[in-house]
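Taken in order, these protein sequences are the chains called U and Z.
In terms of my numbering, the first sequence opens at residue 1 and continues consecutively.
In terms of my numbering, the second sequence opens at residue 1001 and continues consecutively.
Bear in mind the hints are in silico, worked out from the structure with no lab data behind them.
From a predicted model like this one, the values you see are computed outputs, not experimental measurements.
Some hints could be false.
Stated by the list, open to error - With a straight-line cut-off of 20 Å between C-alpha atoms, the simulated SDA-like cross-links for lysine to any residue are:
(1) Z/Lys1271 x U/Thr68
(2) Z/Lys1267 x U/Ala31
(3) Z/Lys1274 x U/Arg60
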Amino acid sequence: MNEWTNTGREPDPLPSSLAGPTAPGLGEPQAEVEETLKRIQSHKGVIGTMVVNAEGIPIRTTLDNSTTVQYAGLLHHLTMKAKSTVRDIDPQNDLTFLRIRSKKHEIMVAPDKEYLLIVIQNPCE
Amino acid sequence: MAPKQKKKSSRGKKSPKPVLAASEDMEPVNMESMGHPEIYPLVLTTKTQEIFSCQIDEDVTDEQPYKLINKEDIFEDLRNRAAVSDFHPVKKIVQEYPGNELLLVYDRDFKYGLNFYLIGTEEGKESYLNPPEVPEEQEEYKEHIPEDVYIYKLPVSKPWVSLGSEKEIEEESVTESTKQITYMISRKRSEFGAPIKFSDQNASSVKDAYIECTAYPDKNFTLKQLEKDVGMQVIPQIKDISTQTKWTYPKNATTQYYPREFSEEEKETLKQSKPLVDFLNNASISVEIALQQNEIMNTFIDDWKYLAEEEGTFGDKTDTHLKEYQSFTDLHSPTEKMITCVSWHPTIYGLIAVSVAVRLSFEDRVHFSGKLLLQPSLILFWSFSDPIHPQLMLESPDDIFCFKFCPSDPNIIAGGCINGQIVMWDITAHADRIENIKAGGGRSKRATLKPMFLLEPESNKEAMYIRHCAVSSIENGHKKVITDIHWLSDTFEINRMGSVFENRSGICCQLVTCSADCTICFWDIRPQKLLTPQTTEKKKEESIEIPFDVPSTFLHLDLSWKPLTKVRLSKGETSLDYCPTKISLNEDHLLCKTQDKMLAQSKTEKAEEMNPYHNLESGMANLLKPIDDFCTKFFVGTEEGEVIYTDWKMEKDPETGRLMSKKPVSHHTVHDGTVHTIQRSPFYNDIILTVGGWNVAIWKEGVMTGPLLQSCCAPKRYTSGHWSLTRPGVFYIGREDGYIDIWDLLEKTHEPAQSQNICITMITYIKPWIFSSKQQFIAIADYYGTLHILEIPWTLSRPSTNEMASVNHYFEREVKHLEYVEQRKKIREQEKKEMELEMAKKKVEIAVPSHRALSSKRGHHVQVPASKKREESMHKDKVPLHGRRVKKLRAWL
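Looking at chain U on its own, in the form it has when it is part of the complex (with noise of 0.2 Å):
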């Protein structure tokens, strides 16, 4: 008759050449990291999505290099100055969401604490 005894701990962790099909490296959070940036891209109208640190520098971007640093510093001075105006009418309050809507098209900024979440996207067809 088997025993089963609970050892209380985790199974030992799988030697890295039996890893599955996905390529070694590859961690759980990037993929969905990958997986959330490609998701809004997708969207209808999105022109172009971009991840960006609490001092403006960009980690993650799918527009070209100069428009993306141009987007980040002027969107992070922007974004700090709401967060300022916001709080100073009220300090209970706080920045959750900023819409920028133009002509051409509309800038949205999910502001962090860290970092800084900026989509452009064009509204009308």
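Dock chain Z against the given chain U, drawing on the hints supplied.
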């Protein structure tokens, strides 16, 4: 009397005293209204009459209707009977009556309303008793008047009686109100006439020169303000301070910056960090909501603005008819002509060129060929200002069936002849003549009366005959009538192989023609390089004297012009070739940026020279760069009604090594007659309209399965067609009975939206043209040689706001429909195959078990293993099948 009355009244009524006082004060009613103030009517009852012994008809009769009554008797009666007495109303009068006796008169006729009346005054009494004898005198006077003769009496002046008019006269008259002051001024005689000098003087400097009323504050008019509205605002204190720096010397300073970026490794590490993942998961939710909101609806649209159509229509919106503007006919031609081709001048307003041809069949042409040779075949230039005389007439060796203005230079015209030659004209010398057409028209409007024989056209208005300056070679060109001619765009040129190169010269220098001898030829108007000396010898032999007034632009081409390449439209080895009637080239101009610059440079160089067409040789020397992925395919319409999509690039035949033209990519037979119009839509580069026979078809380049739209057969043959230049879904079709059908794809696609009669005969050509945003014309040429110019109304020329998008959607839908039809065809074929297989199987199965079943039962159904559908379809077949089988078996048995 009064206290008794009071008591009675207080007993009888509860009314207060004022009523009583009123009754005492009440005035008796008298007959003042009738002119007898002394008469007081009374009612006397019989009791009263007895008392006063004035009973009617006894004491008081007609002879003596009155009675004198003592005042004291009346008073007694009043006392005895108080209010009941009949004399009560006149009590006051009786009291006041001065005399002793009152006169009471019986009023038999009720003249004063009641049966008695009392005369209240002594004078009245007297006058009643002794009436004056006035009426007798009046009657006498009336009798005398007509017998008297009128005696003239001199007017006696009477003293003037003032009636107040002198006051008005006094008011109106002007009199001096004040006495006039007279001054007498004297001066020394010598001082007269001396020059006068005026000078200014301050009034205050001279004493007593003026009198003033000084203003002073009057205490009566000062108001003390008790309330005041004051606003206050706190502002920070502002101080203006400025400083200036001392700038010792200028120094150049530059900064360059570059943005901070992460390196690749840092990015990778960051990607894997958990905070980023969490952040993205949180942020993407809100971002996606926002994105979806935008996808669902655009909240910032102004619905009102998009609801309304454009305001400010220039005309009646309900007016959809083409309005006749002008029509041109050549009245001087001896034979009957028809118009074969129409073209508006690209730059000059109001100038339209028309090619006319003789209206004879081939047999008749041959028959009358001698006569036809003597008449020149012409292209006429008509202007709006002169409907009778054409402005220019271009001569050609034979009838022209199609011609085109060169897009880069409107003074060059290329036309295709009935004998297969291409004819070129250069009207640069006469360009100024036709440009100033309008001025000529103005001059002729002078209203001078001239006798009939002087009403000839002015000398400078004579139509000019312009000879052609070049014709193509007869042997090497087309053998039959040229049906269509086009200038190739100035962005590319082709070589002998059909490959496409960039065009450095910046002008249109190549032509393409198609003719009834089943070939399509490409021509180059630049001089070909002289390959062999033989050709030069040939030229010398054939040098022909050229008249003076013909420009030498195309001298190199005259009579020796050979086509660059020939494309033969062959159906195959054995059958006849296609006979093209019209072609439509792809107008997609591929221009890369470098090429633009080059062209710009070359164009500036050319501008310094006179005219690029006079220096055609200079463009040949450049090495040209080939253009890749240029669409060399084009549409061809044939005489049999087919629409062919083919390629002009030549390919090398592997067996013989010669250059062969490619086989057509696709061809469809859609029309019942000659295709006479193939035209690309001015809005969409890949939508083509083909008109031929009795129907119309719209094609999309790239969709090979068939036309997007094919109309059903019309009652009358369609003879010409053209897209509208401003509305994407509208095109005009001309019929053989002189009607023009206007189709609007957004309104109806099965029949024309409207139909209008233009002329009595077949319409041969339609050509619309835009002059301004408010004026659009359409030129319609008919079989009898008349050119009608009509104005397109506002509704047909202005597109609605979303028309282009709607028409685009319509075409896309049609393409999808065609694809769907194709798919369904495949599915149906599959189904058909399956059905056939099933049928074959069943036939085999039925044949086997049927004779076994019949031995036991007769004519009963046999179990057939099949699906329900098959059962239903097979039921119909069963009975006869059995019948036949039974007969066969019987015979067999």
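Taking the hints in turn, this is what the structure says about them:
1. At most 20 Å may separate the alpha-carbon atoms for a hinted pair to count; Z/Lys1271 and U/Thr68 meet this at roughly 17 Å.
2. Annotation: proposed proximity of Z/Lys1267 to U/Ala31 holds, straight-line Cα distance about 14 Å (limit 20 Å).
3. Distance check on the hinted pair: Z/Lys1274 and U/Arg60 sit about 15 Å apart at the alpha-carbon level, within 20 Å; holds.
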